[in-house]
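S.K.: Taken in order, these protein sequences are the chains called A and B.
Going letter by letter, the first sequence gives residues 1 to 116 in my numbering.
Going letter by letter, the second sequence gives residues 117 to 230 in my numbering.
Accuracy of the hints is not assured; some may be wrong.
Computed cross-link-like contacts, BS3-like style, restricted to lysine-lysine with a CA-CA straight-line distance of at most 30 Å [to be verified]:
(1) Lys-165(B) with Lys-187(B)
(2) Lys-177(B) with Lys-41(A)
(3) Lys-165(B) with Lys-38(A)
(4) Lys-40(A) with Lys-187(B)
(5) Lys-40(A) with Lys-18(A)
(6) Lys-217(B) with Lys-40(A)
(7) Lys-165(B) with Lys-185(B)
(8) Lys-174(B) with Lys-217(B)
(9) Lys-38(A) with Lys-18(A)
(10) Lys-187(B) with Lys-41(A)
(11) Lys-165(B) with Lys-40(A)
(12) Lys-41(A) with Lys-19(A)
Computed list of chain A residues with no C-beta within reach of chain B, every gap over 12 Å [to be verified]:
(13) Pro-8
(14) Leu-11
(15) Ser-20
(16) Pro-43
(17) Arg-63
(18) Glu-67
(19) Ser-72
(20) His-79
(21) Thr-114
It is worth saying that the hints were derived from the structure and are not from the lab.
Keep in mind that this is a model prediction, so the values were computed, not measured.
We put the CB at the ideal spot given by N, CA and C, even for glycine.
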Amino acid sequence: DTEVTQTPKHLVMGMTNKKSLKCEQHMGHRAMYWYKQKAKKPPELMFVYSYEKLSINESVPSRFSPECPNSSLLNLHLHALQPEDSALYLCASSQDRRSSYNLPLHFGNGTRLTVT
Amino acid sequence: AQSVSQHNHHVILSEAASLELGCNYSYGGTVNLFWYVQYPGQHLQLLLKYFSGDPLVKGIKGFEAEFIKSKFSFNLRKPSVQWSDTAEYFCAGGSGTSYGKLTFGQGTILTVHP
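Just chain A, same shape as in the assembly (with noise of 0.2 Å):
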């Protein structure tokens, strides 16, 4: 099992809907990240966060927002989607990002969302 939990597993939202994405972690990681995939295609970033402050968004549309309470936690708001991002959404975390040793990433087993 992984040590990432994210919660729900899946989501079915209408475009209209307010949600959260959570996520979860207690390995003292300082680095927690968003990624997206599409059904047959690899994960692809959206935001990544270094000691609770936002340092990679990916140009990611504003009708997603992430949120970084606390070191164990990741939020991931969603408002006003579109049928078009129906997607696995990852979670993943790593020891910090401020050296490269300090990777790889650990990843959660992902929230199925569809929007309709």
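Keeping the supplied structure of chain A fixed, place chain B upon it in accordance with the hints.
M.R.: This is chain B only, laid out in the frame that chain A set:
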């Protein structure tokens, strides 16, 4: 632009056959390379990683990979596959100066027949 490419989309082998999955990267400077595996219904798991030093890297479950700088390659190998190796394999890379920003290859689905 930095990129990682995997040559094979789907590889089908019989048990005990040898495996080699191709991965090429395009990065300038220092590069960090990884192979991840995703078993059906499970999360991405790290198989092995290369940062520097010995270009032949050994990972879990009998996998190894060789970093060949002149060929910009980081191919994954296993001398004898098992049915339980059926999974999707992703090569990923990051530059030495863009920590935490991994780019994944398209993935290779490996099917091993008993």
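S.K.: All hints are to be evaluated individually against the structure, with a verdict given for each.
M.R.: Hints versus structure:
1. Lys-165(B) with Lys-187(B): Distance ~18 Å between Lys-165(B) and Lys-187(B) Cα, so the pair holds.
2. Lys-177(B) with Lys-41(A): holds, 25 Å
3. Lys-165(B) with Lys-38(A): Judged against 30 Å, a Cα distance of about 24 Å means the pair holds.
4. Lys-40(A) with Lys-187(B): It holds: about 27 Å lies between the C-alpha atoms, which stays within 30 Å.
5. Lys-40(A) with Lys-18(A): Holds, at roughly 27 Å.
6. Lys-217(B) with Lys-40(A): Judged against 30 Å, a Cα distance of about 21 Å means the pair holds.
7. Lys-165(B) with Lys-185(B): holds, 15 Å
8. Lys-174(B) with Lys-217(B): The hint holds at about 23 Å.
9. Lys-38(A) with Lys-18(A): Within the cut-off at roughly 21 Å; holds.
10. Lys-187(B) with Lys-41(A): holds, 25 Å
11. Lys-165(B) with Lys-40(A): holds, 23 Å
12. Lys-41(A) with Lys-19(A): holds, 24 Å
13. Pro-8: holds, 15 Å
14. Leu-11: Holds: least Cβ distance 17 Å, greater than 12 Å.
15. Ser-20: Label holds. Min Cβ-Cβ 20 Å, cutoff 12 Å.
16. Pro-43: At roughly 5 Å from the nearest Cβ of chain B, Pro-43(A) sits no farther out than 12 Å, so the non-interface label is violated.
17. Arg-63: The claim holds: Arg-63(A) sits with its nearest Cβ about 22 Å from chain B, beyond 12 Å.
18. Glu-67: holds, 18 Å
19. Ser-72: holds, 17 Å
20. His-79: Holds, since 26 Å exceeds 12 Å.
21. Thr-114: holds, 17 Å
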